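Q: Protein chains in written order, with my numbering: chain A, 1 to 296; chain B, 1001 to 1536.
These aren't lab readings, by the way, just hints derived from the structure by calculation. All of these numbers come straight from a predicted model, not from anything done at the bench. A couple of the hints might just be wrong.
Unchecked claim - Here are a few chain B residues that face chain A, going by a calculated C-beta distance under 7 angstroms:
#1 1163
#2 1177
#3 1178
Claimed, not checked - Heads up, simulated BS3-like pairs for lysine-lysine below, C-alpha to C-alpha not over 25 angstroms straight-line:
#4 A:151 to A:185
#5 A:50 to B:1082
#6 A:235 to A:45
#7 A:52 to A:94
#8 B:1082 to A:129
#9 A:71 to A:52
#10 A:52 to B:1082
#11 A:255 to B:1282
#12 B:1082 to A:94
#13 A:50 to A:129
#14 A:235 to A:269
#15 A:288 to A:125
#16 A:138 to A:279
#17 A:147 to A:235
#18 A:45 to A:138
#19 A:50 to A:138
#20 A:75 to A:45
#21 B:1156 to A:253
#22 A:253 to A:151
#23 A:75 to A:52
#24 B:1341 to A:251
Note that the Cβ used here is the ideal one computed from N, Cα and C, for glycine as well.
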Amino acid sequence: MQTRLFTKARRAWLVALGAIIAAGLLAPVGAQAATPAGCAALKEKYPDWKGKTLVNAINPHTPGYESIDPKDPSKYVGFDIDLGEAIGDCLGFKLTYKPVTFAALLTTLASGQADIVISDIYATKERAKAADFITYSKVFDGVLVAKGNPKGINGINLSMCGAAAAENTGYVEVPLIQDLGPQCKAAGKPEPTLQLYDNNANCIQAILAGRADTYVNDVNTVDQAVKAYPDKLEKAIAVTIPYSVGIAVPKDKPKFRDAVMAALIEVQKAGIHQELLKKWELDPANFKEPDILTAD
Amino acid sequence: MSLFLHYLSMPYLLMGIELTLQVTALGLIGGLLLGIILAGMQLSRFWLLAAIARGYTVIFRGTPLILQMVFAYDALPHIGIKLPAVLAAGLALACNEAPFIAEMLRSGVLGVDRGQLLAGQALGMTPGVLMRRIIAPQAIRTMIPAFGNEAVSALKNSSLASVIAVQELTLRSTQLASSTFDFFSIFFASGLIYLVLTGAISVIQLALEWLLDLDRTTKPRGLADYLPWRRVDLTPKPEQANKAAPPEAPELKETPPLALSIEDRARRAATVARNNVAVEVKHLRKAYDGNKVLDGLDITVRIGEVVALLGPSGSGKSTLLRCINHLENWDAGEIRVGGRKLGFDEQGRKLSPRAIANERANVGVGMVFQQFNLFGHLTAKENVAGPLRWVHGMGRFEAERRALELLERVGLSHRADALPRHLSGGQQQRVAIARALAPNPSVLLLDEPTSALDPELVNEVLEVIRRLAIDDGLTMIISTHQIRFADEVADRVAFLNGGVILEQGPAHEVLTNPRHPLTARFLSVMEAERPKDAVA
């Protein structure tokens, strides 16, 4: 009797939990609890990675997407981390992480020191020369400035002429800001200057220290920075950038690329992608159905 | 402040220390091994090896470590070498440290007094023994501060491993800063951790310097005693050994200067004339860069004979002596010692440096240098006993007994445990003579043995040599400027000029009645310059 009572109680609890998950309040548990139904078939179709442990190269300086857990620094947490594990769960592999600079993400993949890159990296034609991408998210950039926006910057446009912009080495914003040079000149204004760092924290510090006027990056990163220093920083504006965020996989492994893409579709179908966006307080508008981007 | 302490004690950061130390250790140990190879190649006789080492140094000293790290991590996998991150970082750091360590080693080796190397060679040490027993112990002592510097810089450089995903202190700090935004607390904490680590290296460096300090008076059995080249004195030593000895003890008994009467001389000359030939030099020629130093020189020395070489500077005296000991090669001519032709094996092939060393030890030619050339890191006793063990394979106790016996003979048994730098010039030269005598040489060469001495110290050395000649009947060739001494001690005097012997004959005869005008002029100049009291 007792056991049954217990079981009943547990079942009830599970039901309640399910309800909460459905409400999207405790998405991570949901993400881990339910492997999408179609995944069993995928494991049959792509058995090569079942039971394996793959290496995910990340640039863990983007709280919300990927960073170490401040409460337990031995773990990496964030949207990309959860999404990668959901895909791994679907195909039957586990992930370990290799923290590298942003500019080294694709080199690390190409050298074979990593198997996959899920690190908020924008998929561009340029980068597709080094890796194949499975895109999964739209890009919204935010413009981070000092409180009060003293230079009146409102996007990657002529308002940035003469300003100092902090960026990460290898970011797609770098060429966009560089392209402003001739435009500013034509308008009779000084060109913007670029300061290149190797992680978000250094870019944010550059604004705090008064070295840089702005830092244009993923809107969520910008929001996190404003949250951390509400008295000193603010988000000037959000701009759209014509890219998608992508998962990078080696060029010479099309089968792996297809498997990841298929798994991502399953994960999205099961609603896990949307749940994770909510869990990490990201804009649901980021959601994007996957495409493949290659160099050719 | 509390945040700073929080991060300072955070296990996540502290665990980074382990990887930092791993990378540093790999870099230093690997760098040392590679550095030894590089330094060896650079000092090698073979130009190709030296050139390869040079090329390596240019590349790895001339490119940034961060590139080397990325290369080891990201480029090597393309040729099939996929190292784990820590190993890749260690490899890059080792390759980068190697040229710097090689330069330290090279300067340490080159910094060892050339004279000591010459003395070691003259004692028959092979290049290997010379390196192990003479060069390395002295070079290592001088290199410790530089090595400490290098260790500190390697530790700091290990932070560059953060670019290739080694979870060491710096990478952990930056990741933590990114996720918590506590930028400064974290970097102060990791900075302090680095300071503690580099501070520890400095402490180790100072401790090593102290342990290896030869002048340390109290000598508890310490680390230095376990080093391979260190010999621990196992015999109980009488306490009178060091400073307790009466000041300037009667080192040499005050005997009247030994001088031979004319009859004695005649008798000696007759005996010597019947003896076998000890050293035979035929048509010896040698030039330095086209400057003729020896120009077809001939000389024969019989067993028991004492020959004094006189002549102006540059007349070839020293070169002749060095050739007889094969410390120098010659261009033409032949040298035989005890009937054995030097420098060639039975098939007439030229000998390697190692074989020449063995030949020297076997033939038995001892040499005493103008500058004494005692081994600076060894006590007087070890200067004598060491070569007996290393070159002649004598046992520890036997070598020590022989050393003490010889030091006694030169009147220095009370200074047996003193380092050369604590001995006067005269005492040093007497130790050098004891050292040269230790293996019982058949011929003793003395190259201006008193020229570097203060006038008041000349006599004690001449007295020792005099006894060797008259009491022991040792075969000796002495180059000297002490005319009176030559007269007293030598059986024969040979006057050198321009690389040939101008005049030779019974000592007293040549010195009092020179036939060649150049000899006469030289003698009169020497006589005029001689300090009145220099020779008793």
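Q: Now tell me, hint by hint, if it's right for this structure.
A: Hint by hint, here is what the structure shows:
The criterion of a C-beta within 7 angstroms of any C-beta in chain A is met by residue 1163 of chain B, whose closest approach is roughly 6 angstroms, and the hint holds. For residue 1177 of chain B, the suggested interface contact is upheld, since its CB lies about 5 angstroms from the closest CB of chain A, less than 7 angstroms. Taken as an interface hint, residue 1178 of chain B checks out: its beta carbon lies about 4 angstroms from the nearest beta carbon of chain A, inside 7 angstroms. For the hint linking residue 151 of chain A to residue 185 of chain A, the alpha-carbon distance of about 18 angstroms falls within 25 angstroms, and the restraint holds.
Between residue 50 of chain A and residue 1082 of chain B the CA atoms are separated by roughly 23 angstroms; this keeps the pair inside 25 angstroms, and the hint holds. Of the pairs offered as hints, the one joining residue 235 of chain A and residue 45 of chain A is violated, with about 46 angstroms between alpha carbons and a cut-off of 25 angstroms exceeded. This hinted pair checks out: residue 52 of chain A and residue 94 of chain A have alpha carbons roughly 6 angstroms apart, not beyond 25 angstroms. Only pairs whose Cα atoms come within 25 angstroms are accepted, and residue 1082 of chain B paired with residue 129 of chain A is accepted, the gap being roughly 22 angstroms.
Restraint check for residue 71 of chain A and residue 52 of chain A: not satisfied, since their Cα atoms lie roughly 28 angstroms apart, outside the 25 angstroms limit. Pair hint residue 52 of chain A plus residue 1082 of chain B holds up; C-alpha atoms about 19 angstroms apart against a cutoff of 25 angstroms. Distance check on the hinted pair: residue 255 of chain A and residue 1282 of chain B sit about 86 angstroms apart at the alpha-carbon level, beyond 25 angstroms; violated. Among the hinted pairs, residue 1082 of chain B with residue 94 of chain A is consistent with the structure: their alpha-carbon atoms are about 21 angstroms apart, no more than 25 angstroms.
A threshold of 25 angstroms between alpha carbons decides the hint, and for residue 50 of chain A with residue 129 of chain A the separation of about 28 angstroms lies outside it, so the pair is violated. At most 25 angstroms may separate the alpha-carbon atoms for a hinted pair to count; residue 235 of chain A and residue 269 of chain A exceed this at roughly 33 angstroms. Between residue 288 of chain A and residue 125 of chain A, the direct Cα distance comes to roughly 18 angstroms. Compliance with the 25 angstroms bound is thereby established for this hinted pair. Between residue 138 of chain A and residue 279 of chain A the alpha-carbon distance is near 17 angstroms, which keeps this suggested pair within the 25 angstroms criterion.
About 8 angstroms separates the Cα atoms of residue 147 of chain A and residue 235 of chain A, which keeps this hinted pair within 25 angstroms; it holds. Distance hint between residue 45 of chain A and residue 138 of chain A is unfulfilled; the C-alpha atoms sit about 29 angstroms from each other, more than 25 angstroms. At most 25 angstroms may separate the alpha-carbon atoms for a hinted pair to count; residue 50 of chain A and residue 138 of chain A exceed this at roughly 30 angstroms. Distance hint between residue 75 of chain A and residue 45 of chain A is unfulfilled; the C-alpha atoms sit about 31 angstroms from each other, more than 25 angstroms.
Taking the CA atoms of residue 1156 of chain B and residue 253 of chain A, the gap is near 39 angstroms; set against the 25 angstroms cutoff, the hint is violated. With a C-alpha separation of about 47 angstroms, the suggested pair residue 253 of chain A and residue 151 of chain A falls outside the 25 angstroms cut-off, and the hint is violated. With a C-alpha separation of about 20 angstroms, the suggested pairing of residue 75 of chain A with residue 52 of chain A holds against the 25 angstroms cut-off. Among the hinted pairs, residue 1341 of chain B with residue 251 of chain A is inconsistent with the structure: their alpha-carbon atoms are about 73 angstroms apart, more than 25 angstroms.
In this structure, the hints that do not hold are numbers 6, 9, 11, 13, 14, 18, 19, 20, 21, 22, 24, in rising order.
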